[in-house]
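Undergrad: So the chains spell out like this:
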Amino acid sequence: MTRSNAAPTARAPDAGGAATSVSHPPPVAIAPMQVLRADGTIVDPEFIASVPPADIARLYAAMVAQRVYDDRMIKMQRQGRLGFYLACTGEEACAYGPAYALRNDDWMYPAYREPGVALWRGFPLQTWVDNLVGNCDDPVKGRQMPVHWSARAQNVVSISSPVGTQIPQCAGTAYAMRQRGDDAVAICFFGEGTSSEGDFHVGLNFAGVAKAPAIFFCRNNGYAISTPYEKTTAAPHIALRAHGYGIRGQVVDGNDLFAVIKAVGEAAAYARAGHGPTLIEAKTYRLAAHSTSDDPKAYRSREEEAEALIQDPLPRLRRWLEAQGLWDEAREQQTQTEASEAILAALALAEAKPHPPLSTLFDDVFAARTPLLEAQALELAAHLASGESAYRAAGGH
Amino acid sequence: MTRSNAAPTARAPDAGGAATSVSHPPPVAIAPMQVLRADGTIVDPEFIASVPPADIARLYAAMVAQRVYDDRMIKMQRQGRLGFYLACTGEEACAYGPAYALRNDDWMYPAYREPGVALWRGFPLQTWVDNLVGNCDDPVKGRQMPVHWSARAQNVVSISSPVGTQIPQCAGTAYAMRQRGDDAVAICFFGEGTSSEGDFHVGLNFAGVAKAPAIFFCRNNGYAISTPYEKTTAAPHIALRAHGYGIRGQVVDGNDLFAVIKAVGEAAAYARAGHGPTLIEAKTYRLAAHSTSDDPKAYRSREEEAEALIQDPLPRLRRWLEAQGLWDEAREQQTQTEASEAILAALALAEAKPHPPLSTLFDDVFAARTPLLEAQALELAAHLASGESAYRAAGGH
Amino acid sequence: MPTMNIIQAVNDALDLAMAADKDVVILGEDVGKFGGVFRATVGLQEKYGEDRVIDTPLAEAGIIGTAIGMALYGLRPVAEIQFSDFIFPAYDQIVNELAKFRYRSGGEYPCPMVIRTPFGGGIRGGHYHSQSPEATFAHHAGLVCVTPSNPYDAKGLLLAALASPDPVMVFEPKRIYRGPAHGTNWSAHPKGEVPAGHYTVPIGKADIARPLRGKGIPVSLISYGAMVETCREAAAKLEAEGIDVELIDLRTLVPYDLPAIVESVSRTGRAVVANEAPKTCGFAAEVVALIMEHCFDWLQAPPLRVTGYDTPFPYTLEAAYLPDSGRVAAAVRQVARYK
Amino acid sequence: MPTMNIIQAVNDALDLAMAADKDVVILGEDVGKFGGVFRATVGLQEKYGEDRVIDTPLAEAGIIGTAIGMALYGLRPVAEIQFSDFIFPAYDQIVNELAKFRYRSGGEYPCPMVIRTPFGGGIRGGHYHSQSPEATFAHHAGLVCVTPSNPYDAKGLLLAALASPDPVMVFEPKRIYRGPAHGTNWSAHPKGEVPAGHYTVPIGKADIARPLRGKGIPVSLISYGAMVETCREAAAKLEAEGIDVELIDLRTLVPYDLPAIVESVSRTGRAVVANEAPKTCGFAAEVVALIMEHCFDWLQAPPLRVTGYDTPFPYTLEAAYLPDSGRVAAAVRQVARYK
Ligand SMILES: Cc1ncc(C[n+]2csc(CCOP(=O)(O)OP(=O)(O)O)c2C)c(N)n1
Ligand SMILES: Cc1ncc(C[n+]2csc(CCOP(=O)(O)OP(=O)(O)O)c2C)c(N)n1
Ligand SMILES: [Mg+2]
Ligand SMILES: [Mg+2]
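Chains as they are written, first to last, in this note's numbering: chain A, 1 to 397; chain B, 398 to 794; chain C, 795 to 1133; chain D, 1134 to 1472.
Chain A with its partners taken away, still in its complex shape:
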């Protein structure tokens, strides 16, 4: 971690002299960067002009489809057809914006709420649904819960449940890119709750010292399961932490697709120019429950949820597209219908596929099976043949 930042040394300089407190009270709230407000007013016409409107229409269509997928999959989970599901409803701009702003050779470390980053890059819907079902075509071979996929071809890294672990990993990948002389950047997505983990700190600090071409994208959706922002931190913004790592920080309206594209694009340009990482905090709201295991009624009010709806990224974008003559009710209907048909068809197909083969239990622990794993695979085969297996009794093959 070398390119020095020419930071002042730690020795006490005799300069200055007045008794200065660094910050007391801490700096006041900073208005998030916006391009297109919820009420339709445009803050930054120049930036809007720089994005091909057809791209925005495509992005909007993808976001509408994502919402349909989320709605359908939550229903499917309730019907017992999925073991678990977790939606990104209300936060679509935080996946599709960065996906659009970056190049395909930029690596992505999503949390569990950004299927959009892979789908936008061409990760097949069917493969995504195969993962939700955990069948033989699930890229992770049925080893993780639904929504924990992996998309190597898209340079999207395998999703983990432990939150925050991805942050130093992203710093390391960014370091490796520079080390290899590649012009790419690495981005990591995580929630504001996750920013409390030690891994957040060590990852951002490493990246700062190394001036690694990394982007840390914090989706501040107001909740970590039931824990509201006020119990996550006393800081008014997560992005203020950038100060403490000597890196660039940015607060952005996470429900404004344009603003997210702009923020990530600027951070990428900054990183590619060798200036180091940016911490982006995207203010948004988790309109959905945390997951299908959660019920937000236990900890937040219906009024709060209704108020948050005003900021929903979809209607705001739709109004703009309609004003440009790029969208209408018919296209909306058609997009929804197609998305609904596509996801349900994919689900039906996925359900018809067999389980991953039993051999997958023992593969990929190491590059090759160890003798112990070979022996355990034989043990399991014998057990399954014995007629006493719970797995067989439950219909497993």
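Keep in mind that the hints were calculated from the coordinates and are not lab data.
Do not rely on the hints blindly, as some may be mistaken.
[Unchecked claim] Stretches of chain C that chain A covers, calculated by requiring three or more beta carbons in the stretch to come under 8 angstroms of a beta carbon on chain A:
| hint | region |
| --- | --- |
| 1 | 819-829 |
| 2 | 877-887 |
[To be verified] Among the chain B residues that face chain C by a calculated CB cut under 7 angstroms, a handful are:
| hint | residue |
| --- | --- |
| 3 | Q541 |
| 4 | C567 |
| 5 | V599 |
| 6 | V762 |
| 7 | A764 |
| 8 | T767 |
These figures come from a predicted structure and were not determined experimentally.
Cβ atoms here follow ideal geometry from the backbone N, Cα and C, with glycine treated the same way.
Position chains B, C and D with the ligands relative to chain A; hints supplied.
TA: Using the frame of chain A, we list chains B, C and D with the ligands on its own:
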């Protein structure tokens, strides 16, 4: 972690609107708070007037004694009379200042470089040296390396080697104080290198949310063993991290005893008033080697060390005391001689004491020995009786 | 007597402890308003306030680190780690700090507190909501480790933990939180009867969960946590085959009840040890090694282990991975018929 | 042939690997200008630059976390953890991430990298510079764990680790970094002869560190790391007493060399397993359990363990705590004379 901070909610407000980057570039260097400069000029006469000069003379004498202890113990280690030693040379103000500024019911979590905090509170020199030797009167019963003592009677918590672990513990103790209705504060000492650990982050953030009466005292002495500040972080000041936790931050000249007393005193008053924690960064310089296992010649220049000497907290204080007529060469000599005699006498006494009894090996793992530990104690006794024990062969009893 | 499931028993124990001692505080992710993701702390924040039932930021090292600082000062914290898969960010605080505080301070700073964490598979949690890391804590001296297998013990062990002078980790068998088996609930089970009010289950004492019936080849079957019910199922099946199982529920892993193990195995001469965690260096290895050291002359057959496989925990194939009663029965048969 | 101590052998292996493959990078605390607190990386930053020999901030989770990210992208990081006592802040990154990356991604994201860390006591390091946590890593599937006991193996295993497709943890026996025993150095030891240039010691293969001499009661003595030299000392002492020790140096803990263990114990019928870590759930427990499962019919005596006591590691009484050759010899005698 309750008293809400009335922080803005995480939802994206539509207010403001201009595309504002939080901080790019990060804020410029902040001059550390000073009271008495190295060149003798006084920045804050009012504060100086508020401290009884006799107290300063006592503190100075203790700091001189500390330096004598450090010099002697390093020599004793070289002569093979101690297994290990670690000095605080150049950083004495960072121990004696906080010790003076706080009350005896305030808890302290020192790192390994602050024997002064306990000695000032009356931790017996003999006990401290018994720990350095690891004899039967070592408060930690010879279980830890030298310099890892414990001082329950002084409300100073057992020292650990793993760095940073003390930071969330200090937050927890501060929480408990408030919960019990006690008016005390808890302070934690650590180096700037340690501020890179995840525990720094989680500890400060917890304390911030809880508004716990805690003080986090970061001794920025320029090095973490061989690692210079520029490789620890790209931030110009560790104290800037206070922003990111919504807490108070303060940079102070750590070689200015007055300024350290003032900073800690203000932080304690702030905490006792219910306003929450302060992160203090004291800029100082590790004039000593990291420890007796280290040789700084491998990684820093003699010129740099010579330059740092100008900031040495001792001569600066001595000049001021002399100007007040409170100190002279005779007192200096006497203090040094007494300290030298005291520490060498304590060492001789300590060396004459026997090892901790063998039973201590199996005690204090739990409140009472488990059957397994009883059995292992018997096993060891039998082994020692067998004549084949390496411990016995080496003269152990 | 009231019947409860394990969650209710835990909640009841916490409620009693908080009512009796205002130094008892609960802290963890989502333990407050939400009552914990498994609902073990439901209603307690309402009753005892936000200062005593603390919703923490999302940081396990912070939860344990602050709890240690509270305990040193004199509070009695009960930290909840949402899933034991997520306990590892706090591993350093637990094994280097909590476990060693009393010892390293020469007894000056004991640190009695409780860590509750659900462990094990069987809830379709896959890779990261199913692990059983108890052995990696048992290895570090200084941590009492208990694992209830039923509501009665869950309440009694937790109340014992809250009275212990030592740090206690409670590994809760989440698979059987609500019933001893899929589809049944605890009210039908004798151990579902949970006395109202305070009682303790002694730390360090195993339980004979099923005594020998006196007919057939005797085999000691030793387990803990959710696997106890799996073993009970196996024992029932084996009875008809002329194999008489003495089922020992360890209940405490550290300090383990060696006399109970030795007493049983020296009587039966045959033993199977079952745990859900992977085989290599799991707790079952320790029990087998102890049996070797203390019962060799009585052994009629090699003690066998039934464990999870040495792979990460799967999702779709969970039922193939989890040691089921069939695998336990097969191992017991092998030991019973060994010649 | 040149003679080297373990530190020199490690340095030599790293130098060779860095010269051969520019994707190899070293990272850790003080590994650069300073060359590491044990001097294992001395001279490498000068030779390969600050970008390839990286002085990291003081954060073990950061060292391992960033190394993982580098490895996923294609670099071959060698992370140094200064003492294995300080590895625990990175425990989550190691056991939940590194160990599981290949498996959880269905093979899409393998993560080959090396973690080097000195372990064990004997350097007067007390509580926090002496621990032996290897078993707590061996328990988590997905980590190759090796432990050299001499310079030859140190170089050969490290070069094998650098060529492995899997993540490898190298537990280095710091007590014998500079010599097989206090006051002697490796140049007098056959295993101190270290070939120049590239060679590997195969992962997964144990070594017969001392074959049977053919006279006396045969006993298999199984160990690894610094304890191998302790066991060698015990074996020499026992020879005169008519006890013939076959000393097996496991070298790799995961995947362990079961055939070598079984082959030896089935021949001798008697076994002692020694490790320095605390007894409960240490690696020796696993070896004893394996011996049970695979060698029961040949056993003439119960396999015994010689281990550290179940306490944190002491300072002043270190020599009483550390399993010495006398304790090993006593256990071997007990096993040899068992009737
Ligand atoms: C290390 C760890 N601890 C706890 C959990 C359980 N958990 C899953 S999601 C979650 C909340 C995450 O909140 P946030 O980071 O804000 O992301 P969001 O769900 O709001 O997108 C928690 C506590 C986990 N997955 N990993
Ligand atoms: C968790 C952990 N990692 C590594 C070490 C080894 N170590 C001991 S002191 C030290 C440097 C600490 O530097 P700093 O925090 O700046 O304190 P200073 O020594 O300068 O007072 C290191 C790396 C440790 N003790 N604990
Ligand atoms: Mg959130
Ligand atoms: Mg320092």
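Undergrad: Work down the list of hints and note, for each, if the structure agrees.
TA: Checked hints:
1. Coverage of a stretch by a chain is defined here by at least three residues with a beta carbon nearer than 8 angstroms to that chain's beta carbons; for the region 819-829 of chain C and chain A the count is 6, and the condition holds.
2. Taking a C-beta to C-beta cut-off of 8 angstroms, the region 877-887 of chain C contributes 4 residues in contact with chain A, enough for the three needed, and the coverage statement holds.
3. Nearest Cβ of chain C to the Cβ of Q541 (chain B): about 6 angstroms, under the 7 angstroms cut. The hint holds.
4. At about 6 angstroms, the closest approach between the beta carbon of C567 (chain B) and any beta carbon in chain C falls short of 7 angstroms, and the interface hint on this residue holds.
5. Among the interface hints, the one on V599 (chain B) holds; its C-beta lies about 3 angstroms from the nearest C-beta in chain C, closer than the 7 angstroms criterion.
6. With 7 angstroms as the threshold, the beta carbon of V762 (chain B) comes within range of chain C, its nearest partner Cβ sitting at about 5 angstroms, so the hint holds.
7. Residue-level restraint check for A764 (chain B) holds (minimum Cβ-Cβ distance to chain C is 4 angstroms; threshold 7 angstroms).
8. With a cut of 7 angstroms, the hint placing T767 (chain B) at the interface with chain C holds, because the nearest CB-to-CB distance is about 4 angstroms.
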